[in-house]
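Participant: Going down the list, the sequences are from chains A and B. Going by our numbering, the first residue of the first sequence is number 1, and it counts up by one from there. Going by our numbering, the first residue of the second sequence is number 1001, and it counts up by one from there.
Derived by calculation from the structure, the hints in this document are not laboratory data. Hints may contain errors.
Derived CB-CB ranges, DEER-like [unchecked claim]: (1) ILE1177(B) x SER446(A): 28 to 38 Å; (2) PHE464(A) x GLU1223(B): 42 to 52 Å; (3) LEU420(A) x GLU1223(B): 38 to 48 Å; (4) THR1104(B) x ASN222(A): 47 to 57 Å; (5) THR1208(B) x SER109(A): 44 to 54 Å; (6) ILE58(A) x TYR1173(B): 53 to 63 Å; (7) THR1208(B) x ASN347(A): 55 to 65 Å; (8) LYS1107(B) x VAL40(A): 57 to 67 Å; (9) ILE1026(B) x PHE434(A): 19 to 29 Å; (10) THR1080(B) x SER226(A): 46 to 56 Å; (11) ASN222(A) x ILE1127(B): 19 to 29 Å; (12) SER226(A) x LYS1007(B): 41 to 51 Å; (13) PHE110(A) x GLU1123(B): 35 to 45 Å; (14) THR1226(B) x THR413(A): 39 to 49 Å.
Keeping only pairs whose Cα atoms sit at most 25 Å apart, straight-line, the calculated SDA-like set for lysine to any residue is [said to hold, decoys possible]: (15) LYS1007(B) x ARG458(A); (16) LYS264(A) x MET1001(B); (17) LYS1010(B) x LEU190(A); (18) LYS1181(B) x PHE472(A); (19) LYS1272(B) x PHE1220(B); (20) LYS1137(B) x PHE475(A); (21) LYS1152(B) x PHE472(A); (22) LYS1076(B) x GLU1285(B); (23) LYS1234(B) x TYR1105(B); (24) LYS1002(B) x THR23(A); (25) LYS283(A) x ASN442(A); (26) LYS1196(B) x THR1241(B); (27) LYS1148(B) x GLU1123(B); (28) LYS1007(B) x PHE16(A); (29) LYS1010(B) x PHE472(A); (30) LYS1234(B) x LEU1023(B); (31) LYS1002(B) x ILE17(A); (32) LYS1137(B) x LEU1103(B); (33) LYS1143(B) x PHE475(A); (34) LYS422(A) x LEU1023(B); (35) LYS283(A) x TYR296(A); (36) LYS308(A) x SER290(A); (37) LYS1156(B) x TRP44(A); (38) LYS368(A) x LEU433(A).
Remember, predicted model here, so these are calculated numbers, not experimental data. Just so it is clear, CB atoms sit at the ideal spot from N, CA and C, and this is done for glycine as well.
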Amino acid sequence: MLFNSIDFAIFSPIVFILYWFLTNKNLRLQNLLIVTSSYVFYGWWDWRFLSLILFSTIVDFSVGRKLHNEENQVKRKILLWTSILVNLGFLGFFKYYNFFLDNFISAFSFFGTEIKANSLNIILPVGISFYTFQTLSYTIDVYKRKLEPTTDIIAFSAFVSFFPQLVAGPIERATHLLPQFYTKRKFSFLNIQFGFIRILNGLFKKVVIADNFSNVVDLVYNNPESFGGIHYIVATIFFAFQIYCDFSGYSDIAIGTARIFGFKLMENFRMPYLSKSIGEFWKRWHISLSTWFRDYVYIPLGGNRVSKSKTLTNIFIVFLVSGFWHGAKWTFVVWGAIHGVILIVENLIRLKGNIQKSKYHRASASIKVTLVFFIVCFAWIFFRSNSMNDAAYITSRLFDFSLPLAKELRGMTTYLGLPLWKFVGYFVLIGVLFIQDYLIENDKLSEISIIRMHPILRWSIYTFIILTILLFGSFDVEQFVYFQF
Amino acid sequence: MKTEINKFIKYSVGCCLFMFSTLYIIEGSISYLVTKSNNSQTGKVNLVMSHVIDPNVLIIGSSVSEVGFNIDILEKKLRTNAYNLAIDGTPILKSKFLIDEFLTYSKNCDTIIIGLAFFSLCELGEIHSPERFLAHKSNKFVKRNIKKLYPKIHTKISYIPFYSFVLANHTYYKNAILGLKNILSCNDMIKSDPLKGFVPHDATYLNTHDQNNSLRKLNFSEESITQFKEILVKIRNHNITPILIITPMHKNGQNAFENYSDYPNLVNRIAKETNTQIVDFSNSEITRHEDYFYNNGHLNVTGAVKFSTSISDSLLQQKARTHNTW
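Generate the whole structure from the sequences, applying the supplied hints.
Facilitator: Below, the structure is given as structure tokens:
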């Protein structure tokens, strides 16, 4: 079930009423409702994949319980690896089986050995990368004795399958989300208003910005031979905002929906395109994933408590794995590698995001923000390209401006298939987004500041956003970009 | 808890009322302004919906008819008044509501000329340019037409609040602005179009058929044929004579289909079965001249003159045979 669908618009009020007005007296019943509705929400895509969630839930719940009681270190390790292998096994099979098979075949044929193996027609279960990481965090934290394992299977099932963040995060830590299922939630009008504003903002980002931009991005990236340097640059800038608005829009809706049900989810984005370094960018972009990799990969590898060269290697490994997590394609691996390399360079030259205030502070910060934005955009080329060949083709012709931006089509001048007013309008949208991010960054705009306004003014803002979504929204795009990961 | 719920109910009701009434007023105002536009296709729909046009001869059809029927020539030759109500991209069944509405009020019309193109009786595709009739979505004929052809869209328009905002495109809002201008300048909707719905296209021929492409096939729809026959009966029941015209298509265009000849045969069969007059241009001299077309399906200005003159002559001959009066 998609957040921007009629199905969800009907589903969520029903769950809301049952949750707050029918099951509110009994916490276990309320959690059971969350589990049931989450399974309905997930099963809406393909009910067969519910078995994966169920299996993962049972395995991790049992492993967690056993880990708590087990004192033998070897047995504890076996238990941990059982959970890791089950979870990563699912992920590996559904997401990476064909990738590894194809690459093995290519590698052997390179050395003159022909191997015949048929790739499988595997459908990737929606959100598998997200809930797998979430359940893994539980087992690892229990193993490290950072968390008491739960004895409540319903609360644990609700933690694994909690529908607002089930398919695309934020990837919650058991230490943060699980205790919220043990605590009685109170109906709060403030939470509902907060949630509603977040949902509206998320829908605006998704339907008005991301889905409109995707048409232009797809046009260029699905047929790069027909375009030139200026088109690649504009399409990549649009993609930078498409993926930001698509994913942060989803996170906003997830956070907003969870808040309406009395849960606080972690923030996943904090104005990433205002970053002054790549290091800072990763503290602002997909925070739940980058902190997951920090805690469960980077630190166990030694983090920065080892030699400088080992630290830099660890950084590179984390970004390589992060790229691979996004998808079974070399383009994602290269994307991760680019970020890793830049971060290593930043570490070596000690480029810091927060520089000392000086009279050149603003100018220097603006230059850094711009520079970081273009580096991130360059990496996005690999992320978005359909193949490494396409990415190489685009990067090699990035500064070939022989083809003009405007094109005559049936007597009309179009810019990447758009009339001028729409093309300019897209840049206006980017401007609006930047202003919004700037105001939020400087504490001049927040959910609370809107909630504190006079009701008529507040309702006018809601009406304006809804009208904007209805007028300018694109309702043809079906998926959120990050669902494929 | 109780206080919070009371607060929630109080503010939610207030907020919903505010939002719904504001959006309703905006939607209604835009829709009203669109109905006052005389621009292009939306303008034509408005002329019928507001009962402004009532010619003796009404032409209906798609873009082929819109660029082909030169009203000035028809009026002079036939000594009558006429209006070209053909709408671009719209086979007759998609704009059936226009005929239904026209028949409810027309007092002067005695002939409806139906310009048919090769796709007119094929399976109907997706909804085309809904912004042209969206402002009249409450009209019973529009509703019926949408319900029959696009039940899903009908459900959404009927049950999803403010769905017209989603369905409308920038042309709709452009028409709202033009409508506002018309209101402010007290424009006469019909006088502002001296060509009376005819849209001449001044361009030279371009063969859009790629010889290397495989031949296309016309898939006629039994349902479309039945509905079309019902329209003919309905027109006749209002004492109006329907006349079918198979509009000319350049030979290159005809050759792009493996079964083009089935189309004039089918229309001739319908004409015979329903006892309707027909003028067939599928094999006329016009179809062999590139000078008359700007692409394989559409006549240019010169072609429109030739076609309109020919059609007037044919109609006059038929009139002489049947003793009809214009």
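Participant: Run the structure past the numbered hints and jot down the numbers of the failing ones, going up.
Facilitator: Result: hints 12, 13, 29, 30 break, sorted rising.
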